[in-house]
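Colleague: Generate coordinates for the entire structure from the input sequences, incorporating the hints supplied.
There are 2 protein chains.
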Amino acid sequence: MTETFSDDRIRQHRSADATVTLTLDGAPLAGREVTLEQTRHKFLFGCTGFELIDLANGTSQDPEADARNAELWEGLFNFATLPFYWGRFEPERGKPATEPLLKTAKWFADRGHPVKGHPLAWHTVSADWLLDLENEEIARVQVERIKREVGDFAGVIDMWDVINEVVIMPIFDKYDNGITRICRDIGRIPMVRMVFDAAREASPNATLLLNDFDMSAAYECLIEGVLEAGIKIDVLGLQSHMHQGYWGEEKTEAILERFSRYGLPIHFTETTIVSGEIMPPEIEDLNDHQVDSWPSTPEGEARQADEIERHYKTLLAHPSVEAVTYWGMNDAGMWLGAPGGFVGLDGTPKPAYDRLHHLVNDEWGTPATTVATDEDGRLRFNGFLGDYRITCDGRQVDFKLEEAGTARLDIALD
Amino acid sequence: MTETFSDDRIRQHRSADATVTLTLDGAPLAGREVTLEQTRHKFLFGCTGFELIDLANGTSQDPEADARNAELWEGLFNFATLPFYWGRFEPERGKPATEPLLKTAKWFADRGHPVKGHPLAWHTVSADWLLDLENEEIARVQVERIKREVGDFAGVIDMWDVINEVVIMPIFDKYDNGITRICRDIGRIPMVRMVFDAAREASPNATLLLNDFDMSAAYECLIEGVLEAGIKIDVLGLQSHMHQGYWGEEKTEAILERFSRYGLPIHFTETTIVSGEIMPPEIEDLNDHQVDSWPSTPEGEARQADEIERHYKTLLAHPSVEAVTYWGMNDAGMWLGAPGGFVGLDGTPKPAYDRLHHLVNDEWGTPATTVATDEDGRLRFNGFLGDYRITCDGRQVDFKLEEAGTARLDIALD
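In order, the protein sequence lines correspond to chains A and B.
At position 394 of the first sequence the residue is numbered 394 (UniProt numbering), and the sequence of numbers has no breaks.
At position 94 of the second sequence the residue is numbered 94 (UniProt numbering), and the sequence of numbers has no breaks.
Bear in mind the hints are in silico, worked out from the structure with no lab data behind them.
Be careful, since some hints might not be right.
The list treats identical chains as one, so a pair stands whether inside a single copy or across any two.
Cut-off 25 Å, straight-line C-alpha distance, at most; resulting in silico cross-link-like pairs (SDA-like, lysine to any residue) [as the list claims (entries may be wrong)]:
#1 174 with 260
#2 106 with 88
#3 232 with 187
#4 251 with 299
#5 313 with 243
#6 313 with 9
#7 251 with 284
#8 174 with 256
#9 174 with 259
#10 174 with 250
#11 174 with 248
#12 174 with 262
#13 251 with 187
#14 251 with 173
#15 103 with 57
#16 174 with 215
#17 251 with 285
Modeller: Right under this line is the structure:
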């Protein structure tokens, strides 16, 4: 694709013009070849990490395939979302499945990838045993549950989708569940306050998100009410499951314009773009679309690759966006059986994989490159924000580009 | 139509089983014929009063037709809404058209009909001269404008649609206007607080409404945010323009269920049901539907009469609803040229007029009726809440049925 206005804006918001002066034993390292490499993006290129739980726990059915998946995952991503759906995490009251998730979270953390837990409160996949409790008791165990998970995972997971889909929560009418009951009872804002207070108390420095799929004025009104009520939200989470077709730049930019008005960082928390047939537009709840088979097609894969590029570029071009989390790398096991992954059912990367890989690692990244310092020991380069490493004669030094614009660094190689 | 469950509920919430003991000179008025009549409903059967401004001001082009309209109006309605659209009320800054509206409001008030002003703040039909002002100045004149109108009309108009359509207000993008500018700038809830504070200050006992056409979760979220922020709303206004077809009982009841959760009285503030073709469903902003001619049809009029009955019955059956305001009695001059009135272009009442007239005055009202007291001077009857008059030998006495249930009154005819 050709250079566009959004490429300019991406570079403006995401990169720095760096001047690095290298010294060795106090003297400028003049006219020397060194290797420059970006080792990590500041921008969070996220994905679900559900698929790597077995690998992290040593319970792989197919260790080779899982190892390959891990390699593919790290080729694109630097930020994982792990599942804390209450009904699966604690199907029997008092027996939370903490251990395997903690191992998985540590697996990612050990590789330097921050991890987010999703979600701590939601009316879907909630625990069935809540239905036997009075509302006051449901609220109490919801609070306790949040404190337990946030506390147990602190230091490994320090970012949480605290509550999911509050706009629809009190009027959700597909089936009875404990969370809708209490949200209807106490109201949306007291519900948000209750769960955020619990998470904040358990981990005062954690990054706490409000997350929703509703991109209408309803979510704006909810956010405004929550903020006016004095509840501190760290990040706004916007879902973007596009099973019914890519939104396009105009819609995405309009959404960014509306939700950036609150001065909060934005995460695109759940992105899906399918490489097969598009789900019919008349379906309101995506869960209602049940098909036996939903194949990925060559035309679909070409289209998906283009749309992935357009979507990621639109998001990186807006300064409020700090993360994009893709909702599943593999078609295998994907929500609704959709061919929405970067990797097909046979384990082969799709064109979208290669496209995003090129963007993240080449166009926006700096692969290991040999460069020469000038007569004053200086390197000048434009680099995307994040972590860098310079290697020279077996010595190496790490540094960061933290802010867009101009950066001047003096670095000693001693 | 046959008696239904909603008829039972209407009677349960709207009527009282009254036992009235009449005395004359301290003795029971036993075995005497008297005339019993309901003179006013407590329920507010409202309509726009725009059409009677000329009559009230003595500026009628056709005094006979206007007098006939007034008669038709009072045959159905006991509550008027008058227009305070800023762009028409004060097209030139500093020259508000207070006088003709005050005369009109007094005309209604003199006849015992409460009057509501609509609206004090809205992004549509707002004053063009606001566009020349800085945002801070727009906010200041908006506040002043509210205090001026609420103060000038106090005692005649004590009920206001303070602000209209806040859900869409800050993201309204059809055209630039001063009100959208300040709402985008300060946010929805501070906007609501600002205008409610101004109205409350100017008239502490006035009844103040928040009004919207958005019946989605967005309006719920707005309401919850406003209430959590401690802003006192007296009544929730729900519009129900049905140019795209009658909602049906199920949708209306679901809306009533959702919006009655806040414990506030509900007014259906703007109701339209057309007696011609239905507007296509794909039109999002009703203002986009511009047609040369939109005739009323015999089939449409029969359907409208049935739907009017069903809509009013559904609303009266819900205890939270205190008012229904119909958005125009006459097809002549109706919004969008829609055939939505009770009276056709030729001035003839449609079937819907007769249907609602029968409901309001006969089925739910008590026309002047001769009844006899028993040997203890008692009358027993079931009557809809409101004002009553008993006449006997040239003496008359007025009383009220205030609360649904059972009422016992002792009334002296002296």
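Colleague: Determine for every hint whether it applies to the structure shown.
Modeller: Against the structure, the hints:
| no. | hint | in the structure |
| --- | --- | --- |
| 1 | 174 with 260 | between (32 Å within a copy, 21 Å between copies) |
| 2 | 106 with 88 | within (20 Å within a copy, 66 Å between copies) |
| 3 | 232 with 187 | both (18 Å within a copy, 17 Å between copies) |
| 4 | 251 with 299 | within (23 Å within a copy, 42 Å between copies) |
| 5 | 313 with 243 | within (19 Å within a copy, 42 Å between copies) |
| 6 | 313 with 9 | within (9 Å within a copy, 58 Å between copies) |
| 7 | 251 with 284 | both (18 Å within a copy, 17 Å between copies) |
| 8 | 174 with 256 | between (30 Å within a copy, 19 Å between copies) |
| 9 | 174 with 259 | between (28 Å within a copy, 19 Å between copies) |
| 10 | 174 with 250 | between (32 Å within a copy, 16 Å between copies) |
| 11 | 174 with 248 | between (30 Å within a copy, 21 Å between copies) |
| 12 | 174 with 262 | between (32 Å within a copy, 23 Å between copies) |
| 13 | 251 with 187 | between (30 Å within a copy, 22 Å between copies) |
| 14 | 251 with 173 | between (28 Å within a copy, 14 Å between copies) |
| 15 | 103 with 57 | within (6 Å within a copy, 81 Å between copies) |
| 16 | 174 with 215 | both (20 Å within a copy, 19 Å between copies) |
| 17 | 251 with 285 | both (20 Å within a copy, 18 Å between copies) |
Checked against the numbered hints above, the structure violates none of them.
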